[in-house]
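Asker: Those sequence lines, one after another, are chains A and B.
Taking our numbering, the leading residue of the first sequence gets 1, the next gets one more, and so forth.
Taking our numbering, the leading residue of the second sequence gets 322, the next gets one more, and so forth.
Keep in mind that the hints were calculated from the coordinates and are not lab data.
You may find that some hints are simply not true.
Per label pair, the in silico range of CB-to-CB distance [claimed, not checked]:
#, chain 1, residue 1, chain 2, residue 2, range
1, A, Glu60, B, Val386, 38 to 44 Å
2, A, Ile246, B, Glu409, 27 to 33 Å
3, A, Lys177, B, Lys411, 53 to 59 Å
Bear in mind the structure is a predicted one, so any value in this text is a computation, not a measurement.
No residue lacks a Cβ here, since even glycine has one placed at the ideal position from N, Cα and C.
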Amino acid sequence: MGVLRIVTFLFLVSCVWSSYGLCGTKPAEVPKAKTMAELAARYDSSSCQECHEEKYEQWENSLHAVSILGTPRTAPTILTSIDMGLKLFPYSGVKTDDDVEVRHLMMCAKCHLPQLDEATDDVAREIVKTVRDWLSACKKAVEDEDYEDIADELEEKIASLNIGCLVCHNKKAIIHKWQDGYPQPDTIYAFQEGEHDHPDFTTVGKAPALNESIFCGQCHGEGPNFELDEPSQCATLYGSYLFAYIPEGGHDTCQECHMAKSGLGHDMQAYRDETMIKMAFDIEVEAMAHFWRKDRPEGVIPLGVINVEIYNKSGHAIPDG
Amino acid sequence: MPYPGRFGRGAEMGRGPYEKCGLLRDTCIPPLKKVKEVFEIPFPYADVEKDGKKTRELTADELLVDVKLWYVPFGEFTNDDKVLFFSEEKKIDLKTEWVWRN
Chain A
1 MGVLRIVTFL FLVSCVWSSY GLCGTKPAEV PKAKTMAELA ARYDSSSCQE CHEEKYEQWE
61 NSLHAVSILG TPRTAPTILT SIDMGLKLFP YSGVKTDDDV EVRHLMMCAK CHLPQLDEAT
121 DDVAREIVKT VRDWLSACKK AVEDEDYEDI ADELEEKIAS LNIGCLVCHN KKAIIHKWQD
181 GYPQPDTIYA FQEGEHDHPD FTTVGKAPAL NESIFCGQCH GEGPNFELDE PSQCATLYGS
241 YLFAYIPEGG HDTCQECHMA KSGLGHDMQA YRDETMIKMA FDIEVEAMAH FWRKDRPEGV
301 IPLGVINVEI YNKSGHAIPD G
Chain B
322 MPYPGRFGRG AEMGRGPYEK CGLLRDTCIP PLKKVKEVFE IPFPYADVEK DGKKTRELTA
382 DELLVDVKLW YVPFGEFTND DKVLFFSEEK KIDLKTEWVW RN
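Let's have the full structure, built from the sequences with the hints guiding it.
Answerer: Here you go:
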């Protein structure tokens with residue numbers, strides 16, 4: 001009887017232990033961030049730099065590091081989506097910037113700032129105001145250089161919100177949460193389990209799909225985001241990868257091309273990068289000339305003919321959009 | 322490029338992410354496929370009369386052709402968004418004399 005009690009006790013302990021392991025039950029929701037600064041601090045990547053310097057520097061150069069600022073095209077496009085979309089939609093509930101809530105911005109933030117769902121509606125409105133002020137300062141800086149510093153400061157504030165280390169290695173690290181468990185607040189997810197020398201993230205857990213294309217597909221999408229009340233559509237690359245590249249016999253993953261073969265690591269680049277451009281295309285040009293003729297001298301056309309063959313070696317259609 | 326539909330209905334194209342939905346048409350370069358484009362460029366010529374007969378003469382018998390493949394993102398936010406993917410110069414000539422034959 002004593003042995004049975006011990007076995008039962010150990011079984012119950014193991015059940016509880018596995019629930020609070022590296023991936024586990026859904027953790028309690030953290031209080032919503034009340035300001036952009038608070039949200040930026042929660043997802044700040046700078047503490048990763050000390051130990052992962054090379055990866056940090058690579059990431060710093062990537063568009064992930066400026067995911068709502070963009071090149072900088074993204075931030076103005078967010079405003080366009082508010083002015084030309086939300087404010088004109090009869091049932092969005094948005095007539096002015098003061099009406100903007102997190103749920104409205106998620107049509108962009110789902111991918112450009114997924115952690116926005118951990119912020120209050122005040123943060124959504126602060127983002128909108130900051131982008132408007134930044135654009136206004138940029139315009140004024142053309143005439144008055146005093147505005148340059150203001151524009152730079154606001155640009156830095158916008159860029160403080162980004163797809164940093166914690167977005168991929170924690171928040172979005174586990175795709176199948178019922179199968180693999182929910183990301184835990186003290187865990188960084190990578191390829192192996194273990195300890196992690198960090199005051200807040202003390203554990204390394206395994207993200208089973210981190211090096212799979214489906215991981216990138218969470219944002220570099222398939223088309224309309226049907227889970228939203230108002231489906232938005234930016235990226236269609238993962239759809240192209242699934243339904244055009246794979247059927248042609250392609251088998252490389254996103255990470256193999258954009259991180260490993262390119263040598264860019266966490267500086268995941270696309271069309272603006274020379275290496276990626278060379279990896280994407282084989283182009284051949286042939287040229288010749290001849291006299292095209294009808295049945296009279298006036299019908300003769302001296303003609304140059306340029307034949308161009310473009311082979312897309314990449315794992316998706318080009319361009320995307 | 323992909324031509325998304327406006328709210329995924331009818332024949333109208335959508336532009337911003339707030340209205341783009343689905344695809345009406347796609348002129349992209351598909352993965353693992355070859356796309357061929359042929360460009361025909363007439364040499365400059367003039368119609369002249371020689372010995373009482375109309376004839377057509379080249380005003381230049383050499384062409385320098387720049388073949389460029391550009392990535393041109395939508396919008397006019399800045400002018401430096403365009404990215405040159407490929408560039409090659411080709412020289413073609415028509416130096417052989419053309420003789421009209423009936």
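Asker: At the C-beta level, are Lys177(A) and Lys411(B) separated by a distance inside 53 to 59 Å?
Answerer: holds (56 Å)
Asker: Return holds or violated for the Cβ distance of Glu60(A) and Val386(B) against the range 38 to 44 Å.
Answerer: holds (41 Å)
Asker: Range first: 27 to 33 Å. Now tell me if the beta carbons of Ile246(A) and Glu409(B) are that far apart.
Answerer: Given range 27 to 33 Å: holds, Cβ gap about 32 Å.
Checked against the numbered hints given earlier, this structure breaks none of them.
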